[in-house]
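Keeping their order, the protein sequence lines are chains Y and X.
When you read off a place in the first sequence, starting at 1, and then add 6, the result is the number in our numbering.
When you read off a place in the second sequence, starting at 1, and then add 6, the result is the number in our numbering.
Among the clues, some could well be false.
Calculated pairs, SDA-like style, for lysine to any residue (alpha carbon to alpha carbon, straight line, at most 25 Å) [to be verified]: (1) Y/K107 to X/L75; (2) Y/K60 to X/E142; (3) Y/K146 to X/N55; (4) Y/K107 to X/K60; (5) Y/K107 to X/T84; (6) Y/K13 to X/K107; (7) X/K119 to Y/D129; (8) Y/K94 to X/G88; (9) X/K126 to X/K183; (10) Y/K13 to X/E98; (11) X/K184 to X/C135; (12) Y/K47 to X/K112; (13) Y/K60 to X/Q128; (14) Y/K13 to X/P96; (15) X/K146 to Y/G59; (16) Y/K107 to X/K119; (17) Y/K112 to X/L65; (18) X/K148 to Y/P56; (19) X/K94 to Y/L75; (20) X/K119 to Y/G125; (21) Y/K112 to Y/G59; (22) X/K53 to Y/L138; (23) X/K184 to X/D127; (24) Y/K33 to X/D95; (25) Y/K94 to X/N67.
Quick caveat, the hints were computed from the structure, so don't treat them as lab data.
Number of protein chains: 2
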Amino acid sequence: MVNQEVKVYGAQESPFSKRVEIALKLKGVEYEYVEEDLLMKSPELLKYNPIHGKVPVFLHNGRTIAESLVILEYIDETWESGISILSKDPHERATSRFWTKLIDDKLLGAVWKFVKSHGKDQDAIVEICEVLNMLENELKDKKFFGGESIGLVDIVANTVALWLDVIQEVIGTEIFKKEMYPELSKWIEEYMNCSIVKDTLPSRAHLLAFWQSRFQSASASK
Amino acid sequence: MVNQEVKVYGAQESPFSKRVEIALKLKGVEYEYVEEDLLMKSPELLKYNPIHGKVPVFLHNGRTIAESLVILEYIDETWESGISILSKDPHERATSRFWTKLIDDKLLGAVWKFVKSHGKDQDAIVEICEVLNMLENELKDKKFFGGESIGLVDIVANTVALWLDVIQEVIGTEIFKKEMYPELSKWIEEYMNCSIVKDTLPSRAHLLAFWQSRFQSASASK
Numbered sequence: 007m008v009n010q011e012v013k014v015y016g017a018q019e020s021p022f023s024k025r026v027e028i029a030l031k032l033k034g035v036e037y038e039y040v041e042e043d044l045l046m047k048s049p050e051l052l053k054y055n056p057i058h059g060k061v062p063v064f065l066h067n068g069r070t071i072a073e074s075l076v077i078l079e080y081i082d083e084t085w086e087s088g089i090s091i092l093s094k095d096p097h098e099r100a101t102s103r104f105w106t107k108l109i110d111d112k113l114l115g116a117v118w119k120f121v122k123s124h125g126k127d128q129d130a131i132v133e134i135c136e137v138l139n140m141l142e143n144e145l146k147d148k149k150f151f152g153g154e155s156i157g158l159v160d161i162v163a164n165t166v167a168l169w170l171d172v173i174q175e176v177i178g179t180e181i182f183k184k185e186m187y188p189e190l191s192k193w194i195e196e197y198m199n200c201s202i203v204k205d206t207l208p209s210r211a212h213l214l215a216f217w218q219s220r221f222q223s224a225s226a227s228k
Numbered sequence: 007m008v009n010q011e012v013k014v015y016g017a018q019e020s021p022f023s024k025r026v027e028i029a030l031k032l033k034g035v036e037y038e039y040v041e042e043d044l045l046m047k048s049p050e051l052l053k054y055n056p057i058h059g060k061v062p063v064f065l066h067n068g069r070t071i072a073e074s075l076v077i078l079e080y081i082d083e084t085w086e087s088g089i090s091i092l093s094k095d096p097h098e099r100a101t102s103r104f105w106t107k108l109i110d111d112k113l114l115g116a117v118w119k120f121v122k123s124h125g126k127d128q129d130a131i132v133e134i135c136e137v138l139n140m141l142e143n144e145l146k147d148k149k150f151f152g153g154e155s156i157g158l159v160d161i162v163a164n165t166v167a168l169w170l171d172v173i174q175e176v177i178g179t180e181i182f183k184k185e186m187y188p189e190l191s192k193w194i195e196e197y198m199n200c201s202i203v204k205d206t207l208p209s210r211a212h213l214l215a216f217w218q219s220r221f222q223s224a225s226a227s228k
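In isolation and in its complexed conformation, chain Y is listed as follows (with noise of 0.2 Å):
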């Protein structure tokens, strides 16, 4: 396709619009990027997202789509080139969406129970650990939750490669204990040593210091 339009509305520190770049990198689809301000968001944000006003936003040739989940599956139907983010087989679609699903409804409502109560939330901690074994057991004896390469669910999966160690380290709460996931902390070796992936996630110094101001904005401000 020639000359066509494809932007990223995005922030370095979320998780989310960094899964719709490793998603357009892996198809080898070239896209103009604007970085967001979260705590200022443009007024081109709000116009092409006005349901969340948030990022990412994603456009292709003059029409928008939000919700990273729903991009990814947009991108992967778009376009054939680079890896497939799905498997072309139902069952194993459905297993993706199912893991997918568990991350950001289960997991993520989870860690956002844990930041908002200063790690003292303690079902929140439970339900962490629960997601957590789900996907310790789930990656057995495999490279990526994909397989012998990265798909949606790896993808998805960027706040546990990345965040939730800062999160956690921030907090002063440890959760994830590397000898309790040897599977997990393999695959957030193999995934955090992707070119791709590299190239694209924020580094564990700057998502610190945002976490950090955050959190103390936070804190100064109860």
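Chain X: place on chain Y using the hints.
Using the frame of chain Y, we list chain X on its own:
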């Protein structure tokens, strides 16, 4: 396909398992149905859906799938017969997925808060009305969310078509005022009049009795 096993574990009162049944009927796929007691789950249900232990569970030739949205996509990808639940166009597919996500994440989350607070959570009411307004807008000039025929969003919005009305009656706080949502009201009539929908959803009287008894026991145990 001959001699294939298609089985749904569902409950009369679950809008989620009703989605799956409507999709199968729209595709003309025969299935075996197992009614689950929502208060006393069978060992089969817990075996097939160990992670959530919830209906619906879908079995196809010995393989199981959980989560209604995941099952709906699987059904559409597996059977070409009958209507397409999702359009073939990637952007239309993305739009449908966006709305189903909004219904499941935002609308049903708010309805749940409304129920738990016995109708007292004003934020929940505001959130419900916000989504209803968005759906009202989305329907403009369309018979169904899917256009001329029922599609993914219609099936997922069965909660709006029947459950919301019953819940607000049991709780005694009217949220859905017909005059405020003329497009949605027309849609409810069209949708509920489709023979497949009418034959699949529980009667209003049955659902009302179920919610009344559920609500009374919740109040009694407070």
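Review point. Within a Cα-Cα threshold of 25 Å, do Y/K107 and X/K119 meet the stated pairing?
Key: holds, 21 Å
Practice item. Below or equal to 25 Å on CA atoms is what counts here, so check X/K53 against Y/L138. Key: With a Cα-Cα distance of about 20 Å, the restraint between X/K53 and Y/L138 holds, given a limit of 25 Å.
Review point. Between X/K126 and X/K183, is the straight-line Cα distance small enough, at 25 Å or below?
Key: Since the Cα atoms of X/K126 and X/K183 sit roughly 18 Å apart, the hinted pair holds (cutoff 25 Å).
Review point. Between Y/K107 and X/T84, does the CA-CA distance stay at or below 25 Å?
Key: holds, 20 Å
Review point. When you check the alpha-carbon spacing of Y/K112 and X/L65, does it fall within 25 Å?
Key: Measuring from Cα to Cα gives roughly 24 Å; hence the hint holds.
Practice item. Verify the proposed pairing of X/K184 with X/C135, using a straight-line Cα cut of 25 Å. Key: holds, 12 Å
Exercise for review: Please work out if X/K148 and Y/P56 have their alpha carbons no farther apart than 25 Å.
Suggested key: Holds, at roughly 21 Å.
Review point. Within a Cα-Cα threshold of 25 Å, do Y/K60 and X/Q128 meet the stated pairing?
Key: Holds, because 24 Å separates the two Cα atoms, which is no more than 25 Å.
Practice item. Sort out whether X/N55 lies within 25 Å of Y/K146, counting only the CA atoms. Key: This hinted pair holds, its Cα atoms lying about 19 Å apart.
**Study point:** Holds or violated: Y/K107 to X/L75, with C-alpha atoms at most 25 Å apart
**Key:** Holds. Y/K107 to X/L75 sits at ~10 Å (cutoff 25 Å).
Check your understanding: Holds or violated: X/K94 with Y/L75, Cα cutoff 25 Å?
Key -> holds, 18 Å
Check your understanding: When you check the alpha-carbon spacing of Y/K94 and X/G88, does it fall within 25 Å?
Key -> holds, 21 Å
When held up to the earlier numbered hints, the structure conflicts with none and fits them all.
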